[in-house]
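**Q** Using mature numbering (1 follows the signal peptide of the UniProt record, and there is no 0), the letters of the sequence shown map in sequence onto residues -21 to -1, 1 to 116.
Treat the hints as calculated values from the structure; they're not laboratory data.
One should not assume that every hint holds.
[What the hints assert, rightly or not] What follows is a list of derived Cβ distance ranges for each label pair:
#: 1; residue 1: 38; residue 2: 97; range: 16 to 22 Å
#: 2; residue 1: 57; residue 2: 78; range: 29 to 35 Å
#: 3; residue 1: 34; residue 2: 80; range: 18 to 24 Å
#: 4; residue 1: 76; residue 2: 34; range: 17 to 23 Å
#: 5; residue 1: 75; residue 2: 116; range: 18 to 24 Å
#: 6; residue 1: 37; residue 2: 80; range: 32 to 38 Å
#: 7; residue 1: 95; residue 2: 57; range: 33 to 39 Å
#: 8; residue 1: 101; residue 2: 55; range: 30 to 36 Å
Cβ atoms here follow ideal geometry from the backbone N, Cα and C, with glycine treated the same way.
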Amino acid sequence: MVRRIILLAAAAIAVSGCATTDTGVSTGVAALPASGQPVPAVALEGGLVERAGVSLSPADRAKALQAEQYALASVPAGETVSWQGRDAEGKVTAASPYQVGDQNCRQYTQRVSVKGQEYVGRGAACRGEDGLWTLLN
């Protein structure tokens, strides 16, 4: 009986570490805000997806940019934020934050898979006064 309880508790802990939201973005550490409000991606413009030359539908592009913004703003270094779109999927991993003047910045990688073809974009972004991250040139 005790063994069964321990196994059930271990299974519950293992499953609770991973979350997926109806936005199609998931991470092994945290989910998007419970409010259901999308994480703003406007400041990233085309993000690393555009820099990598990936052609995505507007909906998939929005999910990719949302994952970038969320990974930069809310996820510990080295943790991955995954997103799933209709025609593509991807993963965003941000490095440790660093300071440039008064701004908090992070390097990050976005890996996107479209119909079996993988694209990788790498770059850095800094957080503005408005809290949004802007991709560096």
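**Q** Compare the structure with the hints numbered earlier in the document and write down the numbers of the violated ones, lowest to highest.
**A** 2, 3, 4, 7, 8
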